[in-house]
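Chemist: Assembling the complex is the task here: the two chains are given apart, and the hints tell you how they should meet.
Protein chains in written order, with our numbering: chain A, 104 to 225; chain B, 513 to 785.
Each hint should be verified, as a subset may be incorrect.
Listed below are the simulated BS3-like cross-link pairs for lysine-lysine, each with C-alpha atoms no more than 30 Å apart in a straight line [said to hold, decoys possible]:
{"no.": "1", "chain 1": "B", "residue 1": "Lys734", "chain 2": "A", "residue 2": "Lys125"}
{"no.": "2", "chain 1": "B", "residue 1": "Lys734", "chain 2": "A", "residue 2": "Lys195"}
{"no.": "3", "chain 1": "B", "residue 1": "Lys729", "chain 2": "A", "residue 2": "Lys166"}
Now the stretches of chain B that chain A is said to cover, found in silico as 3 or more residues with beta-carbon under 8 Å [claimed, not checked]:
{"no.": "4", "segment": "611-624"}
{"no.": "5", "segment": "641-654"}
It should be emphasised that the hints constitute simulated quantities derived from the structure, not laboratory data.
For every residue, glycine included, the Cβ atom is placed at its ideal position computed from N, Cα and C.
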Amino acid sequence: MPNILVVEDSPTMRQLISFAIKRIPNSHVIEATDGVDALKKLSSEKIDLILADINMPVMDGLKLVSLVRGNPAYKAIPVIIVTTEGAEEDRKRALSIGANAYLPKPIQTQELIKLVNTYLAR
Amino acid sequence: MEKETGFVGKADEFLQMFKKGEEFTKELLKENEKLRYRIAQMEESIQRSGDEARIKVYEDRIALMEEELNSLKERFRQVEEENKDFASKYIEVEEENNNLANLYVASYQLHSTLDFSEVLRIVLEIIINLIGAEKFAILLIDEKTNEMVPVSAEGMAVSDAPKVKIGQGRIGSVAKEGESFFSEDLAGMGELNPLEPIVCIPLKIKEHVIGVISIYKLLTQKDGFTNVDYELFNLLAGHAATAIFSSRLYTQSERKLTTIQSFLDLLKEKPRK
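The following block holds chain B by itself, in its conformation from the complex (with noise of 0.2 Å):
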């Protein structure tokens, strides 16, 4: 009986122990769940920071890269204008090329030759073809009688065009003075005064006239004078004087040469005779 008694009060401590480690469980399960919970918890927060922190870079990326486009874009600008500078550069050189070809040419041909008629010739040519002009005369000083002779013209007889006394009229006064003239109006060109020029250039060496250049019409596709035509005009003062002046000189001094010549052949056949 005892025996039994013993048994029965070990089971039922058995049972208690059992059922405390029963409940003991279940509190290990529920804390178990809890911090099972608890750390899904805390890697979704770190996930989430982790996310945030990516989100941070890629704003900051986004914003330094927006920063260098606004600057790249300031660079394109910058340098499409020193393009835009560069190319009217250029066609300004381009420009400035072709008018000192032309200015070269001009002397180059003026100063091409000795004879006096080619020298002309030549003059006519470049107011023509350079400048553009249609009906113009070329006057020289005769020394003796201190008038203005036209010695050649174009688009107009010789004839045509006037002697002038130094000092008298508008080319008069461009042979006193020295100082090319030019109309502000060339609407009235068409009809011919062959007093009143719309350009009167002297033919100057140094500070000395030796005539003029007086034009009177420009051809019809021609509506004004631009920069290379008043380069034109100040070369043609310089150069074609001097031209004109050592070519009439050289001519002039081959005449005589050929006469004093003929004199000295003449002499040398008399004794023989």
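Bound conformation, chain A alone (with noise of 0.2 Å):
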């Protein structure tokens, strides 16, 4: 069963991404409302692939990228971006830091699953 984190600091999205992904078959959703959240939820948890926002409070999706990648435990983990962040350069500086991919809002659910499908059966 892929253990799937959600780190979204709206509501309205969790709500929604987690929608989608109950989509996929015996897949579980756990959701952290920002950067430290997920952390602590990582540390508890075994978790199979991130989808992370960019902009939220505390701590940001791409502080969360870069420190996911430097942490030898997490580093295999893939990491999804999804954000309202559509321009080119916001896309290279996430994957630079080490996100696998890039998906820009609002999203579209189809795409979104088979993105995180993709990325679970690597």
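Modeler: Dropping the structure here:
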């Protein structure tokens, strides 16, 4: 059963992403409201994939990605960035830090599910 | 002598008979040969006609199988067409499901609280995350002044959003008529003119307009509106209006209740002094 960590400060988006992810058979969603909360969840649960927003209070998504990549215990976990920042330089920056994929909002549910399935299969 | 003559005569007679027998045998042999030849011919003919009959049977079978093959090919083509139809219908249903999920989440969130500022925050979240707007403002009608006043904004300061009289300009007309406005030209959305939104949605409770959502710019990656966006706009027009209205009433009544409670507490405390 893959555990997917959804890191998003907006309850609306958290619910929407969780709704979409639950359509992947046997998947289990764990929610975090910011980067710090996500690190806590990472230390207590076995996470198979992270979906993270960029703009969040306390710790943003880019900082979270760099910390995840810097930790040997988590560095193999795929990270998909889901954000309103749609500019090419934002995408490049996120990918250079270590994000595996970049999905601008508003998200297309099928696209999100396809991307998650791709990284879970790897 | 007579005996000799009789013996010769009998010998001749026997020879004659023997010759006749030989001739008869030869004739029989010839006849036999002819019959054998005839039998061989007949056998050959029978075999030939048997082969032809078999070929005919095979040809008929081939024709039947070709007919079956063609009918199977036709059925296969029909099934393939049906499959294509099912596939496209499946995609449509999936899309519809996703849209319904978006609408459900938006509606669920809008009615999840009675706190006015939280409702405003949820409306902002829906417009940013689900519709993909970058600059927009929420204006509510002040019943005392008959003017629309900005109460919340994203991508711009609340003070930059305009105060508009009902019926005045694009925003005022939307508030007056209660009909949404969608600009056909999304290219010119770069420059911010607070009085000229690209989208203006009335917030309505039945036919009563309580305010508008005025959108000025979409996110870079958003180049137009999809069907679900229009559904979301409709949902916002109704559900956001009721959520905003009821939460505002609730927050106001809470405040009043707190004030009244404070007075009551004061009154209760006075006799003790």
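Chemist: All hints, please: hold or fail.
Modeler: Structure-based check of each hint:
no. : hint                : in the structure
1   : Lys734/B / Lys125/A : holds, 26 Å
2   : Lys734/B / Lys195/A : holds, 19 Å
3   : Lys729/B / Lys166/A : holds, 28 Å
4   : 611-624             : holds (count 8)
5   : 641-654             : holds (count 5)
The structure agrees with every numbered hint stated previously.
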